[in-house]
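Following the hints, position chain B against chain W.
Those sequence lines, one after another, are chains W and B.
Every position in the first sequence, counted from 1, becomes a number in the numbering used here once 1 is added.
Every position in the second sequence, counted from 1, becomes a number in the numbering used here once 1 is added.
Wrong hints could be hidden among the right ones.
As the list makes no split between identical chains, a pair holds if one copy fits it or if it spans any two.
Below, in silico cross-link-like pairs of lysine-lysine (PhoX-like), each with a Cα-Cα straight-line distance of 25 Å or less [said to hold, decoys possible]:
#	residue 1	residue 2
1	Lys362	Lys206
2	Lys62	Lys93
3	Lys256	Lys283
4	Lys62	Lys335
5	Lys398	Lys370
6	Lys205	Lys344
7	Lys364	Lys288
8	Lys362	Lys283
9	Lys3	Lys139
10	Lys256	Lys344
11	Lys398	Lys362
Keep in mind that the hints were calculated from the coordinates and are not lab data.
2 protein chains.
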Amino acid sequence: MKIISGGVCAAKGFTANGVHCGIRKNRTKKDLALIFSEVQANAAAVYTTNLVKGAPLLVTKAHLENGKAQAVICNSGNANTCNADGVEIAEKMSAMAASALGIAADDIVVASTGVIGQPLNLEPIAAGIEPLKAGLSKDGGDAAAEGIMTTDTVKKEIAVEFELGGKTCRIGGIAKGSGMIHPNMATMLVFITTDAAISPDMLKKALSTDIADTFNMVSVDGDTSTNDMVTVLANGLSENPEITHEGEQFATFMKALNTVTVYLCRMIAGDGEGATKLLECKVSGAKDTATAKTVAKSIICSSLLKAAMFGADANWGRILCAIGYSGADVDVSKVFVSFKSAKGSIAVCENGAGIDFSEEKAKEILLEKEIEIIVSVGDGNGDATAWGCDLTYDYVKINGDYRT
Amino acid sequence: MKIISGGVCAAKGFTANGVHCGIRKNRTKKDLALIFSEVQANAAAVYTTNLVKGAPLLVTKAHLENGKAQAVICNSGNANTCNADGVEIAEKMSAMAASALGIAADDIVVASTGVIGQPLNLEPIAAGIEPLKAGLSKDGGDAAAEGIMTTDTVKKEIAVEFELGGKTCRIGGIAKGSGMIHPNMATMLVFITTDAAISPDMLKKALSTDIADTFNMVSVDGDTSTNDMVTVLANGLSENPEITHEGEQFATFMKALNTVTVYLCRMIAGDGEGATKLLECKVSGAKDTATAKTVAKSIICSSLLKAAMFGADANWGRILCAIGYSGADVDVSKVFVSFKSAKGSIAVCENGAGIDFSEEKAKEILLEKEIEIIVSVGDGNGDATAWGCDLTYDYVKINGDYRT
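Bound conformation, chain W alone (with noise of 0.2 Å):
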């Protein structure tokens, strides 16, 4: 496997292109997007688990439901989420996308983001989709990644080449959102692209399997977002033998999946709102999976800890009060905590207990841009990993008045 560019186009069949609109006032900042399949591919996805969900959700759930998509239309600057005609927006626009295509409107993934309960015009958007299409090209997924952007300061695209049955495949993706986790104006969205042929029920079962262990364990400020969605389009163009069961060709394309969405978690975690690092916390020897999974997210989802990273403090008793209140069934008194970056390790607690180490040692270590939280429990063999960032003055400008 090997890491490719082209992004969201680098798969077989596949352009995009993204363009301001007229949704977002800077002209700067592009705030419409597009992706299209030259074939209608199976297409898989999963969504936010909070209550209140945008209404381009639920349309898109709806198109859905036959395992088929063509196209992805995406705005930001809007989420058109608590608003009382969302759904028949959220439907005009997948009209509107469908009609320029010329393909069926159940075959649209619909999609914004943006700031909830404000009305989402769709005059830019009827103005814009013509420009749009016109420009679908392979160079596209740039543009495409742009047009997705809120508070992201960097855009966020890999693809990756790989082999299945004898031909090459291709996956690639695009992510925005600082976090699963930004109710009002991030609100994590993905959208991937590949070549390979992959039956809709496998590929389901592809993209259900790695959101547990991927973006289901990125937490940048804890609140869910409303927008959360991650989609899969599989056309088929490569002409792989169509994988219909587990065995090794399916695990092969887990593989590949996987190396694209951790690639964008990594990356969604690195540019959360105001953060200056990226945190990986693994946590190894718990009683089981979901324990490790417990434990490592609750490390990654505490404020002190957070802000502690940002000081580049040491501050390990934080790690064990997380760790303590997390609910998850730990002997606390046989957990060791190490910090780990470019400039090296540094052990700080054994079996529950502080140690002797140097502090200056540990400033260095932290002062990186990417910083490991090992944690290991002596309880058994589960392990996971999960990714975060710190907690910034920048966190509290950038949400502090976030809708002017």
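Then chain B, alone, in the frame of chain W:
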């Protein structure tokens, strides 16, 4: 019932004091507090649910097994938590206080608050205990309240006077902590004293019932401390007929206790680390009380809403989002939201969707120091109140480098 002065010394037979003994480097900060009842009192306590528990909590729990206590000793600056010999140290600290006061060691409530995972040096306490005891007085409530502060910016105390069985009773309390909810430093501690006569069982019942609606409904940052503890000592010196069962007398006691605890809750939330505002979230119309509590706490814990309140931004979509991911069974299409403060009130959401409102008026309301977030759900008669604070630059500053 009327509010009186004296705090933890307002009740008959209680004296207190606070000194600087040297655990904290800053000599202007008191770091050791003592509360003493001239007779043995009935006592009850509740403790953190964190699996990682401060050593003093384990010792106090053992001491209170017989439902009796006569004094409280508490240091700030060091939590005596995650230390290999923590329990031994807490027992020695307890024994020192008992010896100075001439009472049994198991009549001591011992508590510590401060950094986790650093050995607690007993020398300053050994040196400070005699002056601490010598200075015990009816005017010492203030000094004791100061002795337990860490990152608190104001001391937190209150007392009320009320009638029980024809006798005048008093109940007072002091608290520290900017939440229930500060693992490494603040760690909420509350010490309540009363001269009412009430049996150990009923005292325990009163406390457990009360904290479910008071301290357990406070959040500053979602981090449940390892050292949280609320204790109440009732020495019976007001000579009311001892309360031994539920009924009018118990209800009167509960009401007085609740006045004290709600006041302290509001003080703790309003003095949350870095906070500029107290947030009080009132939820009504939920299916039941448990649902209302879940909703109120989810709202008060949302980092995004907390940041919006700091910016006086009426970003109600974040409230809907927090309701949606709370896990509570709520019909989100029937949610009403309004903001209220000394400057008036304003409705911002009806039936789960936005309504037109004056942003200027909303800003004026939200610029106040105490904000009510009023949420009405259309599912039943359950209501609840939760207290929190805004998320500010200073929270990040305080916690980015707490240990140095």
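Hint-by-hint comparison with the structure:
For the homomeric pair Lys362 and Lys206, neither the shortest alpha-carbon distance inside one copy (45 Å) nor that between copies (50 Å) is at most 25 Å. Proximity of Lys62 to Lys93 under the C-alpha cut-off of 25 Å is restricted to the intra-copy arrangement: shortest distance 15 Å within a copy versus 64 Å between copies. Proximity of Lys256 to Lys283 under the C-alpha cut-off of 25 Å is restricted to the intra-copy arrangement: shortest distance 19 Å within a copy versus 48 Å between copies. When the C-alpha separation of Lys62 and Lys335 is checked against a cutoff of 25 Å, the pair qualifies only between copies, where the shortest distance is 23 Å, while the shortest distance within a copy is 45 Å.
Taking the shortest Cα distances, Lys398 and Lys370 sit within 25 Å of each other both inside one copy (21 Å) and across copies (19 Å). Taking the shortest Cα distances, Lys205 and Lys344 never come within 25 Å of each other, neither inside one copy (40 Å) nor across copies (52 Å). Taking the shortest alpha-carbon separations for Lys364 and Lys288, neither the intra-copy value of 32 Å nor the inter-copy value of 50 Å comes in at or below 25 Å. Taking CA atoms no more than 25 Å apart as the test, Lys362 paired with Lys283 passes inside one copy only; the shortest distance there is 21 Å, against 48 Å between copies.
Taking the shortest alpha-carbon separations for Lys3 and Lys139, only the intra-copy value of 19 Å comes in at or below 25 Å, while the best inter-copy value is 76 Å. Proximity of Lys256 and Lys344 under a CA criterion of 25 Å is satisfied in neither setting, with 29 Å inside one chain copy and 58 Å between copies. Taking the shortest alpha-carbon separations for Lys398 and Lys362, only the inter-copy value of 22 Å comes in at or below 25 Å, while the best intra-copy value is 31 Å.
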